[in-house]
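Colleague: Next come the chains, spelled out residue by residue.
2 protein chains.
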Amino acid sequence: MDLIFLGTSSGTPTKQRNVTGLALLEETGSNWYLVDCGEATQHQLLHTALSVHDLQAILITHVHGDHCYGLPGLLASAAMLGRKQPLTIIAPAGVADWIRATQQLTALFLPYTLQFLSVEELGSWQHNNWTVRALPLSHRVPSYAYCFTETTVEATLDTARLAAEGIPPGPLWGLLKKGGEAVHAGRTLKGNDYLLPPRAPRRIVVGGDNDNPDLLAEACATAQVLVHEATYTQDVADKVGDVGHSAAARVAGFAEAAGLPHLVLTHFSARYQADISASPSIDDIRAEAAAQYRGQLWLAEDFARYRLNKAGQLSLVG
Amino acid sequence: MDLIFLGTSSGTPTKQRNVTGLALLEETGSNWYLVDCGEATQHQLLHTALSVHDLQAILITHVHGDHCYGLPGLLASAAMLGRKQPLTIIAPAGVADWIRATQQLTALFLPYTLQFLSVEELGSWQHNNWTVRALPLSHRVPSYAYCFTETTVEATLDTARLAAEGIPPGPLWGLLKKGGEAVHAGRTLKGNDYLLPPRAPRRIVVGGDNDNPDLLAEACATAQVLVHEATYTQDVADKVGDVGHSAAARVAGFAEAAGLPHLVLTHFSARYQADISASPSIDDIRAEAAAQYRGQLWLAEDFARYRLNKAGQLSLVG
Numbered sequence: 003m004d005l006i007f008l009g010t011s012s013g014t015p016t017k018q019r020n021v022t023g024l025a026l027l028e029e030t031g032s033n034w035y036l037v038d039c040g041e042a043t044q045h046q047l048l049h050t051a052l053s054v055h056d057l058q059a060i061l062i063t064h065v066h067g068d069h070c071y072g073l074p075g076l077l078a079s080a081a082m083l084g085r086k087q088p089l090t091i092i093a094p095a096g097v098a099d100w101i102r103a104t105q106q107l108t109a110l111f112l113p114y115t116l117q118f119l120s121v122e123e124l125g126s127w128q129h130n131n132w133t134v135r136a137l138p139l140s141h142r143v144p145s146y147a148y149c150f151t152e153t154t155v156e157a158t159l160d161t162a163r164l165a166a167e168g169i170p171p172g173p174l175w176g177l178l179k180k181g182g183e184a185v186h187a188g189r190t191l192k193g194n195d196y197l198l199p200p201r202a203p204r205r206i207v208v209g210g211d212n213d214n215p216d217l218l219a220e221a222c223a224t225a226q227v228l229v230h231e232a233t234y235t236q237d238v239a240d241k242v243g244d245v246g247h248s249a250a251a252r253v254a255g256f257a258e259a260a261g262l263p264h265l266v267l268t269h270f271s272a273r274y275q276a277d278i279s280a281s282p283s284i285d286d287i288r289a290e291a292a293a294q295y296r297g298q299l300w301l302a303e304d305f306a307r308y309r310l311n312k313a314g315q316l317s318l319v320g
Numbered sequence: 003m004d005l006i007f008l009g010t011s012s013g014t015p016t017k018q019r020n021v022t023g024l025a026l027l028e029e030t031g032s033n034w035y036l037v038d039c040g041e042a043t044q045h046q047l048l049h050t051a052l053s054v055h056d057l058q059a060i061l062i063t064h065v066h067g068d069h070c071y072g073l074p075g076l077l078a079s080a081a082m083l084g085r086k087q088p089l090t091i092i093a094p095a096g097v098a099d100w101i102r103a104t105q106q107l108t109a110l111f112l113p114y115t116l117q118f119l120s121v122e123e124l125g126s127w128q129h130n131n132w133t134v135r136a137l138p139l140s141h142r143v144p145s146y147a148y149c150f151t152e153t154t155v156e157a158t159l160d161t162a163r164l165a166a167e168g169i170p171p172g173p174l175w176g177l178l179k180k181g182g183e184a185v186h187a188g189r190t191l192k193g194n195d196y197l198l199p200p201r202a203p204r205r206i207v208v209g210g211d212n213d214n215p216d217l218l219a220e221a222c223a224t225a226q227v228l229v230h231e232a233t234y235t236q237d238v239a240d241k242v243g244d245v246g247h248s249a250a251a252r253v254a255g256f257a258e259a260a261g262l263p264h265l266v267l268t269h270f271s272a273r274y275q276a277d278i279s280a281s282p283s284i285d286d287i288r289a290e291a292a293a294q295y296r297g298q299l300w301l302a303e304d305f306a307r308y309r310l311n312k313a314g315q316l317s318l319v320g
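Chains as they are written, first to last, in my numbering: chain A, 3 to 320; chain Y, 3 to 320.
No lab work stands behind these hints, which were simulated from the structure alone. Remember, predicted model here, so these are calculated numbers, not experimental data. Among the clues, some could well be false.
Calculated lysine-lysine pairs in the DSBU-like style (CA-CA distance at most 30 Å, straight line) [what the hints assert, rightly or not]:
hint : chain 1 : residue 1 : chain 2 : residue 2
1    : A       : Lys-17    : Y       : Lys-312
2    : Y       : Lys-180   : Y       : Lys-17
3    : A       : Lys-180   : A       : Lys-312
4    : A       : Lys-192   : A       : Lys-312
5    : A       : Lys-17    : Y       : Lys-17
6    : A       : Lys-86    : Y       : Lys-180
7    : Y       : Lys-312   : Y       : Lys-192
8    : Y       : Lys-312   : Y       : Lys-179
9    : A       : Lys-180   : A       : Lys-192
10   : Y       : Lys-86    : A       : Lys-241
11   : A       : Lys-179   : A       : Lys-192
12   : Y       : Lys-86    : A       : Lys-86
13   : Y       : Lys-192   : Y       : Lys-180
14   : A       : Lys-17    : A       : Lys-192
15   : Y       : Lys-86    : Y       : Lys-180
Could you build all of it, start to finish, from the sequences and the hints given here?
Modeller: Set out below in structure tokens:
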């Protein structure tokens, strides 16, 4: 699974950062999911290889505009580009109401079906080899995280043991991998004896706006990656007051306590400048988080692309 | 008055062209008006010197998304940037309904007042030294052009005559310019005798989507500039069928018949590529229009800036 950040600014866009949008791309290299769709997400897509024809679902964390105002334009452009297959939108009920109102009031005709799933009643949603759960967060309006977990993990043959026992590669290996039985040199071989213990399913937690990371403790206990907002440094958060966001220190402290191997911070206030010689700069957020967290820390940038491999290791690939 | 194009693509954005938005900037260099606000208009503004604090009014030509989906984000960002003064929005009633629904359904709180004026009942709107009228067009949904006309034209002294009569520059000139009387060397001078005939007021007509330019004949008879869509060349328009747009030939033919000195085409279908060696390219639209029109023809690009001076001449200034 690849994570491609389409926007990493909170509230308003800057020249370097758009408002929130995150693409999760399956290993097929085409099927993808979009978590949040701030204004101009479709413009960001023009600079990637992602196609609206391959979009499997859109998941919205909450109703604030910097997370959903790109939806009508994206849906309209998908129509103009000829999309015909239904599109699933998982979102707070208010977002569905807003899209319906937008269709009606702005004469937006879509030649494909929108399948709205209310996040409030989602339970879990299964698609391809991923199971998605929604987890309630704490913000000024109802906000959710989406937890993506691999549904099934493919079996892996113990090729070292097969080689040691002189069982050569071939159709027989395929049979054993499926857990079947086979006869070789007069011996009956059982597939289960030649399968390695299954690896851990991959799990990625993508938070919406949230001032209480502890709400993600259970999901993060078995996750390899948490993507979470770090809107402010603690000093600015203290000045701004209670607006439902997390400071970098808070999120990083949570990730450390949860033993998370990879933490990707995003949704930075526009006051944090890209130029690290400026003040405040994005490096202030990095330094504050790094002081609390010993795992692998990333500060997302627009168009940064991370890959979570089957071993559960996250790396920057573009 | 300067015209700054923020988007020149129809329907969907491209890498080179955003969807529709046009800033009209008063000679003060700060007060400006926005005609149409496609998605990511606020992003385009980041690359100009225009400030949302100086925005006098937003005028929307019709409800289609590529002309209004940037409104909620622009209004939200203006709030986050601290705008307090009321903002006038002139638009079809459906747009006002949509903004109100958006405010309610997406928890969009604005710390300033929106003053909606329904374009259907606008008559004329007067602001600073400009009078704006709305003119009905022909499209798939109700669509309007906005006609900006200078309200008053300042008097100009006939300095050649003053010099010829030996009346020296000074406070006396100011008095005469205001149309007053003054005594000089025993003679009573009347201001009106020393004023040149007033120049023509400047008039700019900005069309919305429209398949019948003739509807603008009366307004264009005394306009110096028409900004109009030319979504297609005629061959493509014939193939696409009746979708409520104008081909370049049609608009250019109208401008020629109307004796318009300056025609600025915009709102080009994304199929017309910027690379003029491609086919179809934006040059196909240019060639088709140039064949019909002998005035000064411009094909707008994003961030192109035109200036209409007091003599009624339009020139590209950036």
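Colleague: Out of the numbered hints, which ones does the structure contradict?
Modeller: Numbers 1, 2, 6, 12, 14, 15, in rising order.
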